Amino acid sequence: MTGQSTFRVAAAGLAVVASLLAVASPAARAQDEPRVIVITAKRFEFSPNQITLAKGETVKLQVKSEDVTHGLFVRPLGIDAEIAPGRVTELTLTPETAGTYRAICDHFCGAGHGGMKMTIVVRE
Amino acid sequence: MATINGLPRRPDLVLFTGDLTHDTEKPGEHAARMSLFREISGRLQVAKVYHVPGEHDAGLDGGELFRSVFGPTSYSFDHRGVHFIALDNVSRARPEVGEEQRAWLAKDLSRFHPTTPIVVFTHRPLFDLRPDWEWFTSDGDDVMNLLAPYENVTVLYGHIHREDHHAIGHAQHFAARSLCFAFPDPDKVEDKKAIPFDKDQPFKNLGLRVIDRTAGSAAHADTVRVQDVELAMNELSGTEGFDQLLKPPTF
Chain A
1 MTGQSTFRVA AAGLAVVASL LAVASPAARA QDEPRVIVIT AKRFEFSPNQ
51 ITLAKGETVK LQVKSEDVTH GLFVRPLGID AEIAPGRVTE LTLTPETAGT
101 YRAICDHFCG AGHGGMKMTI VVRE
Chain B
125 MATINGLPRR PDLVLFTGDL THDTEKPGEH AARMSLFREI SGRLQVAKVY
175 HVPGEHDAGL DGGELFRSVF GPTSYSFDHR GVHFIALDNV SRARPEVGEE
225 QRAWLAKDLS RFHPTTPIVV FTHRPLFDLR PDWEWFTSDG DDVMNLLAPY
275 ENVTVLYGHI HREDHHAIGH AQHFAARSLC FAFPDPDKVE DKKAIPFDKD
325 QPFKNLGLRV IDRTAGSAAH ADTVRVQDVE LAMNELSGTE GFDQLLKPPT
375 F
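First to last, the sequence lines map onto chains A and B.
Our numbering puts the first sequence at residues 1 to 124.
Our numbering puts the second sequence at residues 125 to 375.
In case anyone wonders, no lab produced these hints; they're calculated from the structure.
None of these values were measured; they are calculated from a predicted model.
C-beta: ideal position from N, C-alpha, C; glycine also.
Don't take every hint at face value.
Capping the alpha-carbon separation at 27 Å, the derived lysine-lysine pairs in DSSO-like fashion look like this [unchecked claim]:
(1) A/Lys42 x A/Lys60
(2) B/Lys150 x A/Lys117
(3) B/Lys312 x B/Lys150
(4) A/Lys60 x A/Lys117
(5) B/Lys316 x A/Lys117
(6) B/Lys312 x B/Lys323
(7) A/Lys117 x A/Lys55
(8) A/Lys42 x A/Lys117
(9) B/Lys231 x B/Lys323
(10) B/Lys317 x B/Lys328
(11) A/Lys42 x B/Lys150
(12) A/Lys64 x A/Lys117
(13) A/Lys42 x B/Lys316
(14) B/Lys328 x B/Lys312
(15) A/Lys42 x A/Lys64
(16) A/Lys64 x B/Lys316
(17) B/Lys317 x A/Lys117
(18) B/Lys328 x B/Lys316
(19) A/Lys42 x B/Lys317
(20) A/Lys117 x B/Lys231
Covered by chain B, according to a simulated footprint, are these stretches of chain A (three or more residues, beta-carbon under 8 Å) [stated by the list, open to error]:
(21) 66-75
(22) 99-108
Using the sequences and the accompanying hints, generate a full structural model.
Structure (structure tokens):
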């Protein structure tokens, strides 16, 4: 019974979202969508190896691996993800502090693992 | 090995804190290096020798090769009233000890009085030394919380290839120098880059130190003498492993 109730609530929520989308203009919808940044990991590099974000901007990182399991770890930005091959790992991020952050692979991937890193710049 | 075997008083035991081997892409070579390490360390004329793996030993295969050569990656034992704990924070590939091992640790510690001297030896630091250099253990705080009730805790670790001492709470964390690939001071340098190998000073920031402590009289403090040991690597020159030392490090 609980499951059915939950489903009804969820379905009602979807209906409300659908009607809101129906009245919003295409331009407004595009504005609301977070920017998507695709990052590819392979032994022993990230591509691109630097991305630039704006403080307060919500972005969606889509991270995929071309070979083995990697990690993407940036403690100050709260990023700690396992990047398994064969799927896209999505991370939504809204940086609140400007700065330059080092992102590292924290899933050991071979002899050059310790140098696998990229830079995330957050501008004011 | 010769330095340790030549000491006037032999150590009771020797602890290795991991990265016994450098990894390689050549099939079979990693297993050969692990066996070579066992053979070389087997020359120690010391009654007890213990090892934990580093990520270069166990990060790619979950510790399978290490276990086949040296046995379990985590365990504990008692020696002269000191409880020693080997912790594995590398074979899950990420810098973590993991829930299962922490549950084992909690059970292992439960039989000891808070004043029991405890020595933990592991590979990565159990505190945030420099997380963006991967010098941390993600659940290190959980491990140290389990150790918090104990008054005499010493943590010995490897990984950072430099000498370091941090006192956190009542635990003392120590790392010793490495035999290769010295790293700079993380408080002074932004980029994690090994200090280049210097042929003229091959053991600058590296190598062994012998520490002598002479007990002082009641009126005088103990005397501590620290002596650097000059090493030579002739035995293995010309091998693939030796050549790796001479190339720019890929850490």
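Hint check:
no., hint, verdict
1, A/Lys42 x A/Lys60, "holds, 20 Å"
2, B/Lys150 x A/Lys117, "holds, 24 Å"
3, B/Lys312 x B/Lys150, "violated, 36 Å"
4, A/Lys60 x A/Lys117, "holds, 19 Å"
5, B/Lys316 x A/Lys117, "holds, 10 Å"
6, B/Lys312 x B/Lys323, "holds, 24 Å"
7, A/Lys117 x A/Lys55, "holds, 21 Å"
8, A/Lys42 x A/Lys117, "holds, 11 Å"
9, B/Lys231 x B/Lys323, "violated, 49 Å"
10, B/Lys317 x B/Lys328, "holds, 16 Å"
11, A/Lys42 x B/Lys150, "holds, 19 Å"
12, A/Lys64 x A/Lys117, "holds, 15 Å"
13, A/Lys42 x B/Lys316, "holds, 20 Å"
14, B/Lys328 x B/Lys312, "holds, 18 Å"
15, A/Lys42 x A/Lys64, "holds, 9 Å"
16, A/Lys64 x B/Lys316, "holds, 25 Å"
17, B/Lys317 x A/Lys117, "holds, 12 Å"
18, B/Lys328 x B/Lys316, "holds, 18 Å"
19, A/Lys42 x B/Lys317, "holds, 20 Å"
20, A/Lys117 x B/Lys231, "violated, 38 Å"
21, 66-75, "holds (count 5)"
22, 99-108, "holds (count 6)"
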